[in-house]
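**Student:** One-letter residues, chain by chain:
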Amino acid sequence: MTSTPTRAGDPPGPGANDAPVPADPAGPGRAGRAGRVARYVAGRLTTALASLAAVVVAGFFLFRILPGDPVRAMTEGREVTAEQREELRRQFGLDQPLWQQFLDYAAGLLRFDLGTSFQYREPVAELILNRLGPTVLLAGTGTVVAALLGLFLGARAGWRPGGRGDRVNTAVALFLWSVPTFWLGLLLIVFLASGRGFVPGLFPTGGMVAPGADGALETALSTARHMVLPVATMVAVIYAQYLMIMRSSLMDEKGADYLTTARAKGLRDTLVRRRHAVPNALLPTVTLVFLNLGQVVSGVILVETVFSWPGLGQLFYSGLRVPDLGLVQGLFVVFAASVILMNLLADLVYPLLDPRVRP
Amino acid sequence: MNSHGHSSGLLRPPSLRRAAAAGTALLLAAVPALASAPAAADEDGGDTLTIATSQQVDSFNPFTAQLAVTTNVLRHVYDSLITVSPKTNEPAPSLAESWESSEDGLTWTFHLRDGVTFSDGEPLTADDVVWTFTTMMENEAAAVANGNYVSGFESVTAEDDRTVVVELDQPQATMASLNVPVVPRHVWEPILEEEGDAFAEYGNEEFPTVGSGPFVLTGHDRGRSITLEANPDHWRGAPGFDRIVLRYYSEKDAAVEALRSGEVSFVYELTQAQAEALRTTEDIHVNVAEGKRFQAFTVNPGAVTQDGEEFGDGHPALADRTLRQAIAMAVDNEEIVDKAHGGQAVAAGGYIPPRYEDFHWEPEGGGALPDFDPEAANTMLDEAGYERGGDGVRVSPDGDRLELRMHVHQDRPANVNAGLVLVERLADIGIEVRNLTVDPGVLSDALFAGEYDLIFTGWTVNPDPDYVLSIHTCGALPTEPGTMQGDAYFCDEEYDELYEAQLAEYDREARAEIIHRLQEVLHREAVVNVLAYPNIMEAYRTDHIASIQYEPAEGGNIWGQDGYWAWWSAEPASAEAGAAASGPSTGAWIGVGTVVLVLVAGGGFLLLRRRATREDRE
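Going down the list, the protein sequences come from chains A and B.
Last residue of the first sequence? That's 359 in UniProt numbering, and every number before it is there in order.
Last residue of the second sequence? That's 618 in UniProt numbering, and every number before it is there in order.
Since the hints were derived computationally from the structure, they do not count as laboratory data.
Just so it is clear, CB atoms sit at the ideal spot from N, CA and C, and this is done for glycine as well.
Hints may be right or wrong, so weigh each one.
Stated by the list, open to error - One side only, chain A facing chain B, incomplete, derived with CB under 7 Å: (1) 68; (2) 74; (3) 77; (4) 78; (5) 81; (6) 87; (7) 101; (8) 104; (9) 167; (10) 194; (11) 195; (12) 206; (13) 305; (14) 306; (15) 308; (16) 310.
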């Protein structure tokens, strides 16, 4: 992704602090503050929109540089005549000059029309909507579970750095972090899904719902069952990043004076950690969570591929292979937009959580 | 003291909580397993055959569908006039019971079978056939998929309800292989009118689709499954299975595991390693069939347009046939089979694979070049004035060092490995090869710009080989750089004459003879050098499928047939066998469920107790 995420922790620009004192004598403090907040929000919004526009332009031209000819790739191995290829080229608009193609594309975007996929012959927006649900379900669940697990274990590890729990936890997390996703996924399939020897196949080998499932309950249960292995794979690989950030963040807090105060009050160790240290140590992880949530939409290509999960990551991969220009440039915009949106949200939420960076 | 006591006690509740959480997750996962039916047996009654597939659907519109998976599916939904006999690979009756051509070969008459109906009960008549062909001839958007079949048609008319007459521009031997889906006019005429310019995007996803084939398309859940139901009234007889489901597996190794677990009944396009691993598995039969594809590398003889304009930057010495022949002779096709295909291929051979017995040609006797003879190749080059430089690399008589680029498909392991063999063998005759293993897009760009020396290629050859022969006529040269119809910049007068002759020859034996001579020319000119014919590898569960028709019957394949023999003929294995093999028994599940329940209940109880005591203490 070539988006230019603004760091959530950035101090507001100088403009925000130099806000002129409003003339209203009734409530100078309040109105000035509202003005500053408005300017902060407006600034962030402008940056987000500018990034999005840059992404649209860059995406269009970047994908045109991709080697290969979509029409040739799609008709490869088919017994087609030159006329049939010409007709396809015309249908895809590839016979138009590049600037014309860009104008058509940009005009479409303004109408929220993402164009048509070459290979699927379907509106890109429809294809994306169709797959958004499965991707958000899988990647969202994976991210949330990984965050909760990582933060929980990280808090414990960071509270007693160097202890046995810390060493074991960190070692396991880093080992899993370095395991190739694809390999781990296949291992889980081989040992837990295909049924070898006496071990029955506990989980499905792929897909999202068993073909015959009908009714809401049956579908939900079948989906839950299909989710176990992909979510487990995803969590195993990524929870380490939350663990490590939480661990180091908590270690930073550990020596803080307010903790000494809390202990001096006679609070139990657990309470000191839970009520005082952890909330403060959580702040840096907010950025990470938002960043990762932005990428939830682009999915987890490898996990989706191993487990045949009908999501957006897989769709993007299939589009790149052709290259299906209509599809990939549409997806690119959606992926970038979601990252930009999440960054924007992080920028807006962070001041609420941390008074120190309030405008 | 006290705090110590606490911290040691602290470790327990969370671990209990974790156990409880894990238990809940397991339970959630296991409950539906108890409820769900085994894969092959069927809840709605009837037998389902499940196929693992990976290719996405482009369109179910038979006028525009391009991709292998959709053309394969549509072959089962719409009948064509003529199909291929699974016994002989030769044209066989389908909708047309018989057909004949006039003396001059320009008029073809097809006599339709009586009593064929579409799945909506309407009869299929000559009018439907005429409308299908005429639409492809008149509407460019409707010609995208199969326009090549009708490009030589002058007119198509219905003499009566059962007779279709086609007038041709010139004789065309491919008329007996009209593999074009015939659609019901009463359904498609309104669609064509309504869609107008948008017909190209019409996906034909109103289920159930109306067709005359042995199956009816009843569902498509993009990226998840495609469902076909048997058409019990098909004129050839009802199919053995009641339903065919294509399930999506994006990763082939996962699909193989699904075959092991019984979630699918059939997996195709296996690698040699996957086939080997499955060979020893119980209840699974691995089918190795003669390949339809050839794997080849072509030599750039100098890219030119039809008007003779030269372009590209191919090595100038490659215009010399002697050098090209030496290159072809330096490569041992048996070695390619061993090292690039793990033995799962047949060494080439002529241009048409041996699967098509009468069309296949082996270079032997007469003026044919030897297949592998590096010594002779070296002698040829010495005599032609290619002298070895100090580093052992030859220099052409014009003073160009023989350093050649070789473009290889990065995504095809067999090509990558064959490329490595080529580098070594060409070094044996004093040619240095720069191995460019690249993205298929890069390779395709280099080919059409003429900016290559050696490049890999391959084609799937249909029962009628006309098309793969046509791409090497002079007419397939580009009209301007970048527009080549063929894939080798090959142009040879003798070849063109032979090509025209085979197209006009309606006697199969005589035509085969001409096709042999075409292959001889290709072999002699050494621009297109065929290396091997890779085998087709696929596997099915014998406890799901009792019997299935291969095409051809001896050594043939299941997936990708030119007819619908496999899925039409497949017979389900007996119900008991299917049920016994599909996953663990209900008893096992109840066992697992009970254990999990006890764990969770126990965990929850302990957790609650622990909580309570802690609160008491605080």
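**Student:** When the nearest CB of chain B is found for residue 308 of chain A, is that gap smaller than 7 Å?
**Tutor:** Interface hint status for residue 308 of chain A: holds (5 Å vs cutoff 7 Å).
**Student:** Next item in the hint list is residue 101 of chain A. Is there a CB on chain B closer than 7 Å to its CB?
**Tutor:** 17 Å, violated
**Student:** Please check whether residue 104 of chain A passes as an interface residue: C-beta within 7 Å of a C-beta belonging to chain B.
**Tutor:** 16 Å, violated
**Student:** How about residue 310 of chain A: closest beta carbon in chain B under 7 Å, or not?
**Tutor:** Holds, because the Cβ-Cβ distance from residue 310 of chain A to chain B comes to roughly 4 Å (cut-off 7 Å).
**Student:** Return the status of the interface hint for residue 167 of chain A: holds when the least beta-carbon distance to chain B is below 7 Å, violated otherwise.
**Tutor:** 15 Å, violated
**Student:** Verify the interface restraint on residue 306 of chain A: the C-beta must sit less than 7 Å from at least one C-beta of chain B.
**Tutor:** 5 Å, holds
**Student:** Let me know if the C-beta of residue 78 of chain A comes in closer than 7 Å to any C-beta of chain B, holds or violated.
**Tutor:** OK, holds: residue 78 of chain A within 7 Å of chain B, min 6 Å.
**Student:** Is the interface hint for residue 206 of chain A satisfied, with its Cβ closer than 7 Å to some Cβ of chain B?
**Tutor:** OK, holds: residue 206 of chain A within 7 Å of chain B, min 5 Å.
**Student:** Min Cβ distance, residue 305 of chain A to chain B: is it shorter than 7 Å?
**Tutor:** This hint holds: residue 305 of chain A lies near chain B, its Cβ roughly 5 Å from the closest one there, short of 7 Å.
**Student:** Can the hint on residue 68 of chain A be confirmed by a CB-to-CB distance to chain B that is less than 7 Å?
**Tutor:** 2 Å, holds
**Student:** The hint names residue 81 of chain A as touching chain B; please verify it with the least Cβ-Cβ distance against 7 Å.
**Tutor:** 5 Å, holds
**Student:** Given residue 77 of chain A was flagged as interface, is its beta-carbon under 7 Å from a beta-carbon of chain B?
**Tutor:** Holds, about 6 Å.
The structure fails hints 7, 8, 9 (numbered hints given earlier, in ascending order).
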